[in-house]
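Colleague: So you can see what is in the structure, the chains are spelled out below.
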Amino acid sequence: MNKINLLSCFFVIYVLSTTHVAADVLRVAVASNFYPTMKLIAKRYELKTGGSSGQQHKVVLIPGSSGKHFAQIMNGAPFDVFFSADEERPRLLEKEGKAQTGTRYTYALGKLVLWSPIDGFIDSEGLVLNQKDFRYLAIANPKISPYGASAEEVLRSLRLWDNMQDRLVRGENITQTFQFVSSSNAKLGFVAYSQIQNPSFFLRGSFWEVPQSIYKPIQQQAILLKDSSIGKEFLSFVQSDESLSIISKSGYGLP
Amino acid sequence: MLNEFDISALIVTLKLASVSTIILLLIGTPIAWWLSQTRFKFKVVFEAIIALPLVLPPTVLGFYLLITLGPNGPVGGMLESLGGVSIAFTFTGLVVGSVIYSMPFVVQPLQNSFSGIGRRPMEVAATLGASPLDRFFTVAVPLARSGFMTATVLGFAHTVGEFGVVLMIGGNIPGETGVLSIAIYDHVEAMEYSQAHWLSGGLLILSFIMLLFVYLFNRRFSIMRSGD
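Chains L and X, in that order, give the protein sequences. Quick note, this note's numbering runs 2 ahead of the 1-based positions in the first sequence. Quick note, this note's numbering runs 6 ahead of the 1-based positions in the second sequence.
Rather than coming from a laboratory, the hints here were simulated on the basis of the structure. Just so you know, even glycine gets a beta-carbon here, dropped at the ideal spot from N, CA and C. You may find that some hints are simply not true.
Stated by the list, open to error - Lysine to aspartate or glutamate pairs mimicking DMTMM-like chemistry, simulated, CA-CA at most 20 Å apart:
1) L/K45 / L/E235
2) L/K145 / X/E86
3) L/K60 / L/D229
4) L/K218 / L/E90
5) L/K145 / L/D121
6) L/K97 / X/E86
7) L/K100 / L/E90
8) L/K70 / L/E96
9) L/K145 / X/E198
10) L/K134 / X/E10
11) L/K41 / L/D243
12) L/K100 / X/E198
13) L/K134 / L/D121
14) L/K228 / L/E96
15) L/K218 / L/D121
16) L/K70 / X/E198
17) L/K70 / L/E98
18) L/K145 / X/D12
19) L/K50 / L/D168
20) L/K145 / X/E182
What the hints assert, rightly or not - Each pair of labels, with its calculated beta carbon distance range:
21) L/N132 / X/W204: 36 to 42 Å
22) L/G78 / X/G89: 53 to 59 Å
23) L/G78 / X/L8: 27 to 33 Å
24) X/E53 / L/K228: 45 to 51 Å
25) X/G89 / L/S250: 35 to 41 Å
Chain X with its partners taken away, still in its complex shape (with noise of 0.2 Å):
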């Protein structure tokens, strides 16, 4: 059914998930407020920035990162230069890959949940004595928990479902940056058509639970509020 390298990607793809979703909410939440609080005239350009993940084939990304990464590249050539090593084909250059990659599905969610409590409820904080940071936490997290909760799947599932990006720096090193779309895809091209499914329909699964979930959870609290 699953041999080791099967059982091996699906660690090493939940490890590089969970791994990349925690990064991409500490990166994305203040990116995120940031965007949906500024009057800044040229916000629409970093808007835009942040969502070419989403029209940008995979494999683009890769491609640049690949380069980039390399030791002729910039960022490669630095850390290279200042003694360090380079990070394609390791499992950190994976998670900077997802990261960049899954950006806009955790950054949109959370700006449309922060744009939607509005200025009224900060400021009555602020009027009670509230803290900026204290503000931010009690009352803006809080409201934006649906917010929070599905750019926390999307990011996750997103990341799981990689496969450009990986292709093109991870080298597919058994336990290290070899992922499961990487694994069902060698499956399919190994014409082991039975063990591409177990893992396929595996995923699909997988993903529908987690999509279901986002949608029962928004549902219940949206009736929550409404309720309120």
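Okay, chain L solo, but in the shape it has when bound (with noise of 0.2 Å):
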């Protein structure tokens, strides 16, 4: 093939793919650890819209951490919702006038528990903490991770933060640490109750659902970012009895 025809081909592949999108395609920025759920959940908005007016929404999901979202929404990021992992940076988003006064609401609590892939090796109390039968503790960074604050905070419950410090790695976020500990590199670690309910995983081992008098549940908070009623209309989808259900069921706490 000549140049001109293989730069001709690009260009008819380049308006093919930009027209096809030109519909109705709503761009939402998601926490990683909220991703599988919600792609369950953009698949029955988009079957619903496509029936009754006949012009299927189409929804784009970004996953990513939220700091990073954050970041790129402050700068000017095309996206239309956003699904934060925690409530400070929809509040600080709001409070910066980068997103819709008003919109923003708690769409899911974060549960963690701790988890190893060995059967029997964590115990229904977690004293497992206290044996210190393992090298590593797998858990999120505390200072970027909403999950990983929230582990900080039972380890400080549990008065453990100080002298596990030596067995601590952190994963950049809540998916990393899962990775960490499902790769049996650490041999426990507190990932969200989300992940090992995760359909697609086969749950092996054991783990400990952390009681919630000894940590904050993790507010994950969603905002409007850009006014248009796609937007909103999907929104309210996310806080439907249909939506509700597949949250609860991915293993979030409802509000």
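Join the two chains, each given in its own frame, into one complex according to the hints.
Modeller: In structure tokens, the structure reads:
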């Protein structure tokens, strides 16, 4: 194929790919831990809108860490809705005028579990933490991940934070923390309950659901960034009973 | 401005880059020499393998390393059964990752310089009675010094800039596996943009100076050689 043919070929591909998404597209930045759940919800939403109006809405999901999404939104990223892993970042966006005031709400409560891929390693009261029969305990980085901050809170309540320091390995987010444990590089770790509930993951090993008396459940909040009817429609769909049952089945608490 | 973790990240990073560069030169030199001299038919296969880290996302390498080094992986399992300990989440683990990751940046400039020498200087030295090892150190190495310079600086700089691999196998332990690039990432994630600026700006200037140094040296060297 000569050069001109190749160029026109790329041009055709380019035109096809851009015109295809010219319809109603909603870009949703979503916290990595909620991404699997959001995929299910978005699919339902697309099916639903396709039936009534004939014009199917398309939801494009952008998974990532909430800190990164925050920095991108502050610098003009073209997202319509933001589902954060915490409540601080949506609140800041609202304050900075980068989001629609009054649209912020808690969509899910993140729950923490202590999980190990080894059967019977973790008892029903988390006493395994005291026995210290492990080289590494994985947590998400408390400085940047709300799940990590909760893990720190749990260890502090148990008075184990200080003497656990030399055993801690930190994932940059809860997904990476999960990887450390599932690959057995760390024998156990604090991960999100939703992660071990994920249907695409075959649960093995043992876990301890950390009681809510020793940490505050993680308030995961969402906010509308750009004022649009489709954005509002999507946010209210996420609050519908149909979505709430998906959220709850995925291992999150409901607000 | 900089907190204690930033300082320790800086120290770990410089230590990692230095150790990795030394190991890379020790391993990379014989590989590069062999590649430059051999007429082996399947040499291209080795060249392609060494160049892989250039095109692969570092996360791919990190992900594979995490799995291989883990207790269930081939390498980690073997170490464990021999009574050793897993090297994931250790400084040693980072060195292993960095050596693989920065290998092409050391081997390729060395191989180019060795090839550039040609066969003649080596043959002349041989007729004068120099042994192969003697020929290598007294003829090939001095003639390839610009290659060594480039290899050293690129290997070092590329290891300083490493992110995906250490992210996956490091575990961000302060003073052990917490490096500069991750400290910057953490500052951005934590919305501490001024600290992120300090570290990023510092790294930018450092990298620029290192590269400037390479280009200056190579330019002077080539002028010197053309003047011979």
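Colleague: State, for the Cβ atoms of X/G89 and L/S250, whether the hinted interval 35 to 41 Å holds or is violated.
Modeller: violated (47 Å)
Colleague: Between X/E53 and L/K228, does the beta-carbon spacing fit 45 to 51 Å?
Modeller: Since X/E53 and L/K228 have Cβ atoms about 50 Å apart, the given range 45 to 51 Å holds.
Colleague: Does 27 to 33 Å hold as the CB distance between L/G78 and X/L8, or does it fail?
Modeller: Given about 29 Å between the Cβ atoms, the range holds.
Colleague: Hinted pair, alpha-carbon criterion (20 Å max): L/K70, L/E96. Please report holds or violated.
Modeller: holds (17 Å)
Colleague: Taken at face value, is the distance from the CA of L/D121 to the CA of L/K134 at most 20 Å?
Modeller: holds (17 Å)
Colleague: Hint check: L/K218 vs L/E90, CA-CA at most 20 Å. Holds or violated?
Modeller: holds (14 Å)
Colleague: If you draw a straight line from the CA of L/K145 to the CA of X/D12, is it 20 Å or shorter?
Modeller: Status holds; Cα separation ~14 Å.
Colleague: Given the hinted pair L/K45 and L/E235, is their alpha-carbon gap at most 20 Å?
Modeller: holds (14 Å)
Colleague: Hint check: L/K145 vs X/E182, CA-CA at most 20 Å. Holds or violated?
Modeller: Within the cut-off at roughly 18 Å; holds.
Colleague: Within 20 Å, alpha carbon to alpha carbon, are L/K70 and L/E98?
Modeller: holds (16 Å)
Colleague: Would the pair L/K41 and L/D243 pass a check requiring their Cα atoms to be no farther apart than 20 Å?
Modeller: holds (17 Å)
Colleague: For L/K145 and X/E86, compute the direct alpha-carbon distance and say whether it is at most 20 Å.
Modeller: Violated, at about 32 Å.
In summary, the numbered hints that this structure violates are 2, 5, 6, 10, 15, 19, 25.
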